[in-house]
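Novice: Chains as they are written, first to last, in the numbering used here: chain A, 2 to 203; chain B, 99 to 615.
These aren't lab readings, by the way, just hints derived from the structure by calculation. Treat the hints with caution; some may be incorrect.
[Said to hold, decoys possible] In silico DSBU-like pairs for lysine-lysine, Cα to Cα no more than 35 angstroms straight-line:
#  : chain 1 : residue 1 : chain 2 : residue 2
1  : A       : Lys80     : A       : Lys37
2  : A       : Lys177    : B       : Lys202
3  : B       : Lys529    : B       : Lys483
4  : B       : Lys529    : A       : Lys105
5  : B       : Lys102    : A       : Lys35
6  : B       : Lys234    : A       : Lys89
7  : A       : Lys109    : B       : Lys529
8  : A       : Lys44     : A       : Lys89
9  : B       : Lys337    : A       : Lys187
10 : A       : Lys144    : B       : Lys165
11 : A       : Lys27     : B       : Lys412
12 : B       : Lys192    : B       : Lys234
[To be verified] Which residues of chain A face chain B? A partial, calculated answer using Cβ under 8 angstroms:
#  : residue
13 : Asn62
14 : Phe96
15 : Val111
16 : Gln173
[As the list claims (entries may be wrong)] Some, not all, of what chain A presents toward chain B, calculated at C-beta under 8 angstroms:
#  : residue
17 : Ile61
18 : Gly65
19 : Gly170
We put the beta carbon where it would ideally sit given N, CA and C, even for glycine.
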Amino acid sequence: MNQELTKEVAQKLMEIKGEARGGTLKIDMEYILKEKGEEGLKKVEGELEKLGYPIKYKEINTLGYSPVGLRAISLLVIKKVFNFDNEKIKEIGLFGTKISLILKFFIKYVFSFQKVFFQESPKIWREHWTIGELVPVELNEEKKYAILRLKDFNLHPIYCRFLEGYLPGLFQLMVKIPQITCEETKCFFRGDEYHEYLIKWQ
Amino acid sequence: MAIKENKDKEKISTLLEDLTSLESYARDLFSFLPIPVCLVSPIGIILETNSAFEKIAGYKIEEIIGKPIEDIFIKKGSEELSKETLEKGFVKAKEFKIFTKEKKEIPVSVSSILRKSEEGEVIGYFIGFFDLSDIKKTEEELKDAQVALLNILEDTEEERKRAEEEKNKTLTIINNFTDGLLVFDKENKLSLINPQAEIFFDVRVKDIIGRSILELSTFPTIAQMATLVGQEIKEIFRKEIPVKESLILEVSTIPIMREEERLGTLIILHDVTREKLIERMKTEFVSLSAHQLRTPLSAIKWTLRMLLDGDLGKITKDQRDFLEKTYKSNERMIDLINDLLDVTRIEEGRYLYKPILTEFEPIVQFVINSYKDEIERKKIHFEFKKPEKKLPRVMIDVEKMRLAFQNLLDNAIRYTPSDGKVTVSLKYGKKEIELQVQDTGVGIPKDQQQRIFTKFFRGANAMRMETEGSGLGLFIAKNIIEAHGGKIWFESEERKGTIFHFTLPIKEEFAEFLKKL
């Protein structure tokens, strides 16, 4: 799945069943506008058009739905156009938690960290995706780590990197913790049954 | 089944549209709000903020979201705000300080309101900020201005008190001054009169204050002073006026100036009644004494004359020498008595002048002739320079004019050493005749020249040279010349000589003078 982004690869991604909220694509748009401006956004849209997906980010409905494959295509095009590395993709993930309206509209940040973690984490996923399931496995406040498992969501490895940025950002909204790290300990694309993320803080 | 499915889809679609509109509305509203706003989680994490907050705090939205609020508030402030919001449900316009990204403190008024879920669980709170920087700055400026104003007021009050004290001191001095004082303002209206001036003029302040000189001239006691100073209050120095029978005032005026601006005029009234009385008594005493002395001195003179003429029998040579010396001394005493009588007459205003229209040159010649023997005795080179053309006749008191010239010539001869030179010149000017007596005598010391016309004054060098002399000659001469409307002055240099000049007016000026006699 690490092969060059071609029409065929894109086509295959578009064939994956399931939908994602428009807001997930809006994250990419806001990041590009912030980092590269309107010109940068035009370049991304131009590349998408070449692939046969002439989308206009600004016209995307945040709360509407689009094919899950498009989410991966958008990130792959950005990576290609600006020659971004994985760290940059993580940065987009972290940035996403700062601007996501869905995270502010639908998530209830109550006093209890445990409650937010166990109740709201699956909900956060459901609010964004129609496929896959985010399962809160463990939260150890004493040892300062948490484990989240993502099941039935095998989009593209680029999204694994995206989540390595997105999940720490999510934790920043749940608990006052200055230093957070996230590592994908299990990955479907590495032969595991599901994706699993270990989130640690100090 | 298909219909139901379609309807559900339609509902979902409508709900999505509504949600999208709502999202757009919320986003626009949040961005548009000019007031900085934050959405904070119950545990104090900033979940959302707007552009206005970015502007005030200097953070970008992505930098501030996810941060605890104590990063922008001081810890105590954030705890207080959270506690009060969570307990009361809101905070209304409470003052806090927030830190910008550059750690700059900004005073803000904060309001907050709690958010709860449908189940009543606290899910966060909104915080609204109002930047008080400008208001605080204005407050500080106002405080500074207030402090400055209070300082100015304090200074002004101190200055006022000081001025009041000075004024009181000045008023005390003015009120207790033995001289009368009148202050006139710019418009020459009376603005202040002291009690002594009230007493002098026998008036009350309230009757005369604010009045002009013209109005004051209607008061009988002030009339003479008003006439003297005039409506414009001219500058006057020590002019005497009789106010009442027993009151003589000496009037002086002084302009009150501030830089170039004239603020008014001060009139000083000095009571010279007592001085005048003493002066008069002194003059009367001298007059009486002189009269009393003159009769026996005359008797002595004629007795000595008879003895010297041999009317009472022959006398020896030695006897003659003694008697002649006694006769000369007696003559000098008679001269002195005559001088004293002249002075007392001058001072009492009884020095009568009997002017006649006459030639002036013969008078001069007459006096010169009377000194011929003395000139020869002292071997003085004498010259009389007569005018080229004939002088007009002048109205003069011959006897007094002889005396005046005699006093000048006598001094010139007396204080010029043997072999010295005395020159008398008579000149004819356009409006006056001028007589000049020049000598090569001892001269008058520079520091004594101012006093030369005063009574009984004799130069120190003159006294050393000649023990005799009353010091009255020049005083008498000056009074005679001035009584004729003339002027007298001199130039002198010690050890080189002196030139005395006097002029007498002719034609109209002189005629005017005569009318006054």
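Novice: All the hints need checking, so say for each whether the structure fits it.
Specialist: Against the structure, the hints come out as follows:
As the CA atoms of Lys80(A) and Lys37(A) are separated by approximately 13 angstroms, the hinted pair is consistent with the 35 angstroms bound. Using a Cα cut-off of 35 angstroms, the hinted pair Lys177(A) and Lys202(B) holds, with the two alpha carbons roughly 23 angstroms apart. With a C-alpha separation of about 20 angstroms, the suggested pair Lys529(B) and Lys483(B) falls inside the 35 angstroms cut-off, and the hint holds. Between Lys529(B) and Lys105(A) the alpha-carbon distance is near 119 angstroms, which puts this suggested pair outside the 35 angstroms criterion.
A hinted pair counts as satisfied when its Cα atoms are at most 35 angstroms apart, and Lys102(B) with Lys35(A) does not qualify at roughly 45 angstroms. A C-alpha spacing of about 44 angstroms is found between Lys234(B) and Lys89(A), which places the hinted pair above 35 angstroms, so the restraint is violated. For the proposed pair Lys109(A) and Lys529(B), the alpha carbon gap of about 124 angstroms is over 35 angstroms, so the pair is violated. Distance check on the hinted pair: Lys44(A) and Lys89(A) sit about 18 angstroms apart at the alpha-carbon level, within 35 angstroms; holds.
Restraint check for Lys337(B) and Lys187(A): not satisfied, since their Cα atoms lie roughly 125 angstroms apart, outside the 35 angstroms limit. About 22 angstroms separates the Cα atoms of Lys144(A) and Lys165(B), which keeps this hinted pair within 35 angstroms; it holds. Annotation: proposed proximity of Lys27(A) to Lys412(B) is violated, straight-line Cα distance about 164 angstroms (limit 35 angstroms). Pair hint Lys192(B) plus Lys234(B) holds up; C-alpha atoms about 14 angstroms apart against a cutoff of 35 angstroms.
Interface restraint check: Asn62(A) against chain B, minimum CB-CB distance 5 angstroms, threshold 8 angstroms, status holds. The restraint placing Phe96(A) at the interface with chain B holds, with a minimum CB-CB distance near 6 angstroms, inside the 8 angstroms limit. Checking Val111(A) against chain B by beta carbon gives a least distance of about 5 angstroms; that is within 8 angstroms, so the hint holds. With a least beta-carbon distance of about 4 angstroms to chain B, the hint placing Gln173(A) at the interface is held under the 8 angstroms criterion.
Hint on Ile61(A) is violated. Least Cβ distance to chain B is approximately 11 angstroms, over the 8 angstroms limit. At about 6 angstroms, the closest approach between the beta carbon of Gly65(A) and any beta carbon in chain B falls short of 8 angstroms, and the interface hint on this residue holds. At about 7 angstroms, the closest approach between the beta carbon of Gly170(A) and any beta carbon in chain B falls short of 8 angstroms, and the interface hint on this residue holds.
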